[in-house]
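Asks: First to last, the protein sequences are chains A and B. So the first sequence is numbered by numbering that gives the first Met the number 0: it starts at 0 and just counts up by one. So the second sequence is numbered by numbering that gives the first Met the number 0: it starts at 0 and just counts up by one.
Not one of these hints is a red herring.
Derived Cβ-Cβ restraints for the label pairs, each shown as a range:
1. B:Gln-11 <-> A:Gly-107: 36 to 44 Å
2. B:Val-39 <-> A:Glu-81: 40 to 48 Å
3. A:Val-87 <-> B:Gly-26: 29 to 37 Å
4. B:Gln-11 <-> A:Met-0: 28 to 36 Å
5. B:Phe-61 <-> A:Gln-60: 40 to 48 Å
6. A:Gln-60 <-> B:Ala-88: 36 to 44 Å
7. B:Val-39 <-> A:Trp-40: 46 to 54 Å
Incomplete in silico selection of chain A near chain B, CB under 7 Å:
8. Val-2
9. Leu-5
10. Ala-6
11. Gly-22
12. Asp-47
13. Leu-49
14. Glu-66
15. Ile-68
16. Phe-73
17. Leu-74
18. Ile-75
19. Phe-95
Covered, in the sense of this in silico footprint (three residues per stretch, anywhere, with C-beta under 8 Å from a C-beta of chain A), are these stretches of chain B:
20. 1 to 9
21. 17 to 25
22. 41 to 48
23. 73 to 86
24. 89 to 98
Don't read these hints as lab results, they were simulated from the structure. Ideal placement from N, C-alpha and C gives every residue a C-beta, glycine not left out.
Protein chains: 2
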Amino acid sequence: MSVINLAEKFRQIDKQWTPKIVGELNGQHVRLAKLQGEFVWHHHDDEDELFLVIDGELEMQFRDRTETIRAGEFLIVPRGVEHCPRAVAEVQVMLFEPASTVNTGTAGGERTVDPERI
Amino acid sequence: MSVINLAEKFRQIDKQWTPKIVGELNGQHVRLAKLQGEFVWHHHDDEDELFLVIDGELEMQFRDRTETIRAGEFLIVPRGVEHCPRAVAEVQVMLFEPASTVNTGTAGGERTVDPERI
Numbered sequence: 000m001s002v003i004n005l006a007e008k009f010r011q012i013d014k015q016w017t018p019k020i021v022g023e024l025n026g027q028h029v030r031l032a033k034l035q036g037e038f039v040w041h042h043h044d045d046e047d048e049l050f051l052v053i054d055g056e057l058e059m060q061f062r063d064r065t066e067t068i069r070a071g072e073f074l075i076v077p078r079g080v081e082h083c084p085r086a087v088a089e090v091q092v093m094l095f096e097p098a099s100t101v102n103t104g105t106a107g108g109e110r111t112v113d114p115e116r117i
Numbered sequence: 000m001s002v003i004n005l006a007e008k009f010r011q012i013d014k015q016w017t018p019k020i021v022g023e024l025n026g027q028h029v030r031l032a033k034l035q036g037e038f039v040w041h042h043h044d045d046e047d048e049l050f051l052v053i054d055g056e057l058e059m060q061f062r063d064r065t066e067t068i069r070a071g072e073f074l075i076v077p078r079g080v081e082h083c084p085r086a087v088a089e090v091q092v093m094l095f096e097p098a099s100t101v102n103t104g105t106a107g108g109e110r111t112v113d114p115e116r117i
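Bound-form chain A, shown alone (with noise of 0.2 Å):
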């Protein structure tokens, strides 16, 4: 039960797409993310996804469209909707969502990292 500060926090990624526990509660999980470039297109079977930016700009592209996201903002993607972040420049991102999320969802693949807590 400390105060975690997130910029501090992010001082302790070097790798982008390795998103990193930073807090627990009610079964979720706090993670931050550096992104930059395209991920895979995926979806969760049983999580919704909360991706808040805390600096940059992300793209959310979905099948029909493209949200851009912005430093102060944040987009629920709900569980089942396939999804690919993108982002031009490095994105500094905090995600709320279950524990049990994966990062490439029912996808799979070289790119499912195993989140470690910092």
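For this one, chain A is given, so just place chain B on it according to the hints.
Replies: Frame of chain A; chain B shown alone:
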């Protein structure tokens, strides 16, 4: 499924100590509140609560100490732990907590509010 801008939502909140629902996922609420002054001592039997400070400075009083949460920082208050938020100047806070969370916890009383969606 649309992008939520925190500043825009905060502009719609004119009353302090009235958390507003701005998102829902996995049975959890994202709520925004403006706080100033001192709240009531309370705890939640079954809900962990996350306080992310967006603007200003929040003091979270516990029975044995006080933690100061500044903009860009968060604190998780576990279920069962008595706490009492306090802020000298108005602070803008984002809350993550189960949809069942009552602002005054088990203490109840006149400062209990039923959160509205904005």
